[in-house]
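J.: Join the two chains into one complex using the hints; note that each chain is given alone, in its own frame.
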Amino acid sequence: GESVGLHLPTLSVQEGDNSIINCAYSNSASDYFIWYKQESGKGPQFIIDIRSNMDKRQGQRVTVLLNKTVKHLSLQIAATQPGDSAVYFCAENIENAGNMLTFGGGTRLMVKP
Amino acid sequence: GAVVSQHPSWVICKSGTSVKIECRSLDFQATTMFWYRQFPKQSLMLMATSNEGSKATYEQGVEKDKFLINHASLTLSTLTVTSAHPEDSSFYICSAQGVGEKLFFGSGTQLSVL
Numbered sequence: 033g034e035s036v037g038l039h040l041p042t043l044s045v046q047e048g049d050n051s052i053i054n055c056a057y058s059n060s061a062s063d064y065f066i067w068y069k070q071e072s073g074k075g076p077q078f079i080i081d082i083r084s085n086m087d088k089r090q091g092q093r094v095t096v097l098l099n100k101t102v103k104h105l106s107l108q109i110a111a112t113q114p115g116d117s118a119v120y121f122c123a124e125n126i127e128n129a130g131n132m133l134t135f136g137g138g139t140r141l142m143v144k145p
Numbered sequence: 013g014a015v016v017s018q019h020p021s022w023v024i025c026k027s028g029t030s031v032k033i034e035c036r037s038l039d040f041q042a043t044t045m046f047w048y049r050q051f052p053k054q055s056l057m058l059m060a061t062s063n064e065g066s067k068a069t070y071e072q073g074v075e076k077d078k079f080l081i082n083h084a085s086l087t088l089s090t091l092t093v094t095s096a097h098p099e100d101s102s103f104y105i106c107s108a109q110g111v112g113e114k115l116f117f118g119s120g121t122q123l124s125v126l
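Chains G and H, in that order, are what the protein sequence lines are. Residues in the first sequence are numbered consecutively from 33, following this note's numbering. Residues in the second sequence are numbered consecutively from 13, following this note's numbering.
For reference, chain H alone in the conformation it holds in the complex (with noise of 0.2 Å):
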């Protein structure tokens, strides 16, 4: 199948610098990403969708200014975590979508803030 590659797999940072997670689609090409967030023991909580070349749409509660979402090329999509906080540590996890194609996800980023 497709392969979505996500980088890092692990960030510890401290608590004010900025991370940001690259999402790759390596063999097919992306119209659309989304962003997801993941809490322990729970489920996947959408954060934002992306299409190729137009602003991101985030879900309500979602701040884009701290959640900082670029989609510039149809393989890349990066998601920036703005001034990180201990509240911000989660798991992170990229998809991918191309035209007729079905939806492949990353391996994660998990964020650690001190």
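The following block holds chain G by itself, in its conformation from the complex (with noise of 0.2 Å):
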């Protein structure tokens, strides 16, 4: 049967509105990060990453902000579409100690029409 598990924290927008997910990271060392968008029922997407000697990178419609301050990341979406409704994580790495992400715990973003 289905396991029961922690419901993702949900985030709700109107269509052409700027979106913000949030996420906070916890080790200190990270100097790498990714957001992942995921579809239901696909794996994760890559959005854009960010390096730990910037605060601040622009995509397409995407800018992921960097504060190692207080261990958070943030990703902001501009004029956000009913295709952006997914679930988007946060995902940490040390790049010299191998390439394995540490995920975060997710946030579904749901874009109203």
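Worth flagging that the hints you see were computed from the coordinates, not collected in a lab. There may be inaccurate statements among the hints.
Cut-off 30 Å, straight-line C-alpha distance, at most; resulting in silico cross-link-like pairs (DSBU-like, lysine-lysine) [unchecked claim]:
1. H:114 x G:100
2. H:78 x H:53
3. G:103 x H:53
4. G:103 x H:114
5. G:100 x H:53
6. H:78 x H:26
7. H:67 x G:74
T.: Here is the structure:
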């Protein structure tokens, strides 16, 4: 049967609005961070990454902000579209210690038309 | 971007049977492959890391005799769930990485054990 687990926090936004998804990481030695998008029944899809020597990186409609002082990462999606509806995970990594990613708990983004 | 193919995408089996899941890197050589497990509404949990030609490294709590991993070539890794039981029902995801490459994920395999 289906496992009973934690329910993902959900962010509900109106189409066209901006979305901000937050993530707190735990390992102060982590130096590489990635945001993934996962649609139902599919594997994670790379969105954007950032290294610890930066505090902001922009892509197409997405921006990642990194605050190393408080170990916080955020993903901003501009002009959110229905196709952005998915679960978003942040992942942290120590690049010189292998490529094992540690994933955060995830946030479900629901875009209302 | 690089493509990682995972097969099958869905499998239903009887309790006690073994199920093999394949993960292929289609346009690059994957020196390292990772296998994850994901329960509904939860994050991905790393099960094991495999490097081509060597034994997989399993995370704590993952039974290596239960989840057999083979990474015999630079483009293929397999995960075999031996003697599957209903509690093994889950979404299994592989990821692959080559030298200097980002990590790319397969599309996942939903395993349902009756």
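J.: Can you confirm whether the C-alpha distance between residue 103 of chain G and residue 53 of chain H stays at or below 30 Å?
T.: holds, 24 Å
J.: Please work out if residue 114 of chain H and residue 100 of chain G have their alpha carbons no farther apart than 30 Å.
T.: Holds. Residue 114 of chain H to residue 100 of chain G sits at ~22 Å (cutoff 30 Å).
J.: Do the alpha carbons of residue 78 of chain H and residue 53 of chain H lie within 30 Å of each other, as the hint requires?
T.: Answer holds: residue 78 of chain H to residue 53 of chain H is near 24 Å, not above 30 Å.
J.: Straight-line Cα separation of residue 100 of chain G and residue 53 of chain H no greater than 30 Å?
T.: holds, 28 Å
J.: CA of residue 67 of chain H to CA of residue 74 of chain G, is that 30 Å or under?
T.: holds, 28 Å
J.: Is the straight-line distance between the alpha-carbon of residue 103 of chain G and that of residue 114 of chain H 30 Å or less?
T.: holds, 23 Å
J.: Below or equal to 30 Å on CA atoms is what counts here, so check residue 78 of chain H against residue 26 of chain H.
T.: The hint holds at about 16 Å.
Checked against the numbered hints given earlier, this structure breaks none of them.
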